[in-house]
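K.L.:
Here's the letter readout for the chains.
There are 2 protein chains.
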Amino acid sequence: MRIAILGFGSVGQGIASIINTKDLGISIIALADSKSGLINPNGIDIDTALAQKRSGRPVGDSKISGFDIVNKAEYDALVEVTPTNITNGEPATTYIKKALERKKHVVTSNKGPIALHQRELSLYAQENNVELRYEATVCGAIPVIHVLKHGLLGNDITALHGIMNGTCNYILTRMSKEGLTYDQALAEAREMGYAEADPTYDVKGIDTAIKLVILANTIWDWGVSLHDIDVTGIDQVTPDALRLAENDGTTIRLIGEAIPSKKLLRVSPRIIPINHPLVVEGTLNAVTINTDMAGSLTFIGKGAGSLETASAVIGDLLFIRD
Amino acid sequence: MRIAILGFGSVGQGIASIINTKDLGISIIALADSKSGLINPNGIDIDTALAQKRSGRPVGDSKISGFDIVNKAEYDALVEVTPTNITNGEPATTYIKKALERKKHVVTSNKGPIALHQRELSLYAQENNVELRYEATVCGAIPVIHVLKHGLLGNDITALHGIMNGTCNYILTRMSKEGLTYDQALAEAREMGYAEADPTYDVKGIDTAIKLVILANTIWDWGVSLHDIDVTGIDQVTPDALRLAENDGTTIRLIGEAIPSKKLLRVSPRIIPINHPLVVEGTLNAVTINTDMAGSLTFIGKGAGSLETASAVIGDLLFIRD
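Each protein sequence line maps, in turn, to chains A and B. Per the numbering used here: the first sequence = residues 1 to 322. Per the numbering used here: the second sequence = residues 1 to 322.
Hints may contain errors.
Derived DSS-like pairs (lysine-lysine); straight-line CA-CA distance at most 30 Å [unchecked claim]:
no.: 1; chain 1: A; residue 1: Lys-22; chain 2: B; residue 2: Lys-149
no.: 2; chain 1: A; residue 1: Lys-53; chain 2: A; residue 2: Lys-97
no.: 3; chain 1: B; residue 1: Lys-98; chain 2: B; residue 2: Lys-53
no.: 4; chain 1: A; residue 1: Lys-177; chain 2: B; residue 2: Lys-177
no.: 5; chain 1: A; residue 1: Lys-97; chain 2: A; residue 2: Lys-149
no.: 6; chain 1: B; residue 1: Lys-263; chain 2: A; residue 2: Lys-22
no.: 7; chain 1: B; residue 1: Lys-22; chain 2: A; residue 2: Lys-262
no.: 8; chain 1: A; residue 1: Lys-149; chain 2: B; residue 2: Lys-103
no.: 9; chain 1: A; residue 1: Lys-149; chain 2: B; residue 2: Lys-149
no.: 10; chain 1: B; residue 1: Lys-97; chain 2: B; residue 2: Lys-149
no.: 11; chain 1: A; residue 1: Lys-22; chain 2: B; residue 2: Lys-262
no.: 12; chain 1: A; residue 1: Lys-72; chain 2: A; residue 2: Lys-103
no.: 13; chain 1: B; residue 1: Lys-149; chain 2: B; residue 2: Lys-22
no.: 14; chain 1: A; residue 1: Lys-263; chain 2: B; residue 2: Lys-22
no.: 15; chain 1: B; residue 1: Lys-263; chain 2: A; residue 2: Lys-149
no.: 16; chain 1: B; residue 1: Lys-149; chain 2: A; residue 2: Lys-103
Hints were generated in silico from the structure; no laboratory data involved. Quick caveat, the model's predicted, so the values are computed rather than measured.
Take the sequences, apply the hints, and build the full model.
P.N.:
Have a look at this one:
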């Protein structure tokens, strides 16, 4: 399987390292970072590319762009792992469309194009008889999209509840365990590298809402967008509220939930029994799916990390090939 | 997709009801219980068959046997859901072999043939270019085999730990929560219908060990059998031991574990941190898989029940078809 990788940040480099180390039968025949590109039908020299990147230089030729690679390179699957643009999904959406138009499979970790254009892009893939897969966009290493699309065939999904943002879960866990205030726990999350300098995207629930959009559209083909979701973040949660909850055998977590029968699509801090499988600690993610036949199922794992995201991308590639 | 169902107990009836109710594109063209069989290339009348069974009568013609159906009916997939025989796996193993020989897919919930002959039967399926699937043999509705075979492609599985017997987990949960003795909790489990009159198979860890055999052979192709597993049941666990564990923020659960690097294959009551994702309550099952790329993943759900088992069988059938 010949792939082209667009985006050579931590995820792109993670994918390249794994393909370089493990004998997976995948060869990288093109590669682009934001400033340059490389095409070699016989396979890129990954060690050199990684060394180049580590030394702060562009990975290839500044005259070769991502668009050149999408349009000209002879890959079987495009791996689109450029940074997320949640406003209009570009340039990733155009990359993905072009590749599908050329009847190439696409695997992406990019939330922008999928949250904004999942239905249109999936239809386009179908029309062109190729696959568009995006496991890495939701809950990192947990194969939740895979399970929803292939592992529970015949089941109707009647509800979904998820803890899908590790930063928020870390903050709430620390507030709960150590009695920290929100500001103290956020400062600690920053020190640990679990929160960005500007944490808005995470703590206001936007990241969780984007993942909820992707899951709801994947399961029910609702065609919803971020604007359809009622979103409340965790920045108003107090240590007192957590203490009260815990006196009752419950706790507070940021939950993304979708319930078709109630037409509910919401992200908010929720009170939840402390022994519910969904209550995970630290930066873990968890998703509970209710079904008509298989009952209630919970999937827990790491929601972020370059190796975990790379794992999801590689899983998608190998599932397409097999 | 035309299927033949062998075995018309609670699982077989559950599968038939679902196919009768949901529009899944599956038609049942043959059916056998232990005493009789039915073949109808245009599709069995399921309502009549279920009514017949409920009234205590054989489902079909006493001159038609399971072997007749396996050998003569024109199905695409055989659904083998007869009772488990863990001693020699018969007659299910012969049914499965015959169907594979006829180049028919096989889906089974039967632990006997898979625990005893998984490698041989899987090779046989491969040689005949058909599929043998057995999601329903392990952890009921949790699609753990699906995830191991398809959802984590490219990952090396470095360890597996599972709570795979609902009866044991119910007993330990009740001993822990209510301070009951083992005998009291077992009596309660019997009253609730969670334990058999003879609970040996569950409480001595044999059922867990059988599932561990199936998972280990599926993941690593070890070709191991029940005799290769070091098994200790829960019948010696005392309320005092549980209390001591809980004073330390831990609890005791019956864990099946497989760790290749330690050549470890063991079922035993283990002390485990109370907040570990694997610690589920009541009759739930849970499996934690450690991987080289996706980190540690935990899957939680109902481990038994006719609807849940039927869900796993139907998921396998639809995965084969799609």
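K.L.:
Are the hints correct? Go through all of them and say.
P.N.:
Status of the hints after comparison with the structure:
1. A:Lys-22 with B:Lys-149: holds, 18 Å
2. A:Lys-53 with A:Lys-97: holds, 28 Å
3. B:Lys-98 with B:Lys-53: holds, 27 Å
4. A:Lys-177 with B:Lys-177: Distance of about 22 Å is within 30 Å: holds.
5. A:Lys-97 with A:Lys-149: Since the Cα atoms of A:Lys-97 and A:Lys-149 sit roughly 22 Å apart, the hinted pair holds (cutoff 30 Å).
6. B:Lys-263 with A:Lys-22: holds, 23 Å
7. B:Lys-22 with A:Lys-262: holds, 22 Å
8. A:Lys-149 with B:Lys-103: Status holds; Cα separation ~27 Å.
9. A:Lys-149 with B:Lys-149: Answer holds: A:Lys-149 to B:Lys-149 is near 15 Å, not above 30 Å.
10. B:Lys-97 with B:Lys-149: holds, 22 Å
11. A:Lys-22 with B:Lys-262: Cα-Cα ~22 Å, so holds.
12. A:Lys-72 with A:Lys-103: Holds. A:Lys-72 to A:Lys-103 sits at ~13 Å (cutoff 30 Å).
13. B:Lys-149 with B:Lys-22: holds, 27 Å
14. A:Lys-263 with B:Lys-22: holds, 23 Å
15. B:Lys-263 with A:Lys-149: violated, 35 Å
16. B:Lys-149 with A:Lys-103: OK: B:Lys-149 and A:Lys-103 at ~27 Å, within 30 Å.
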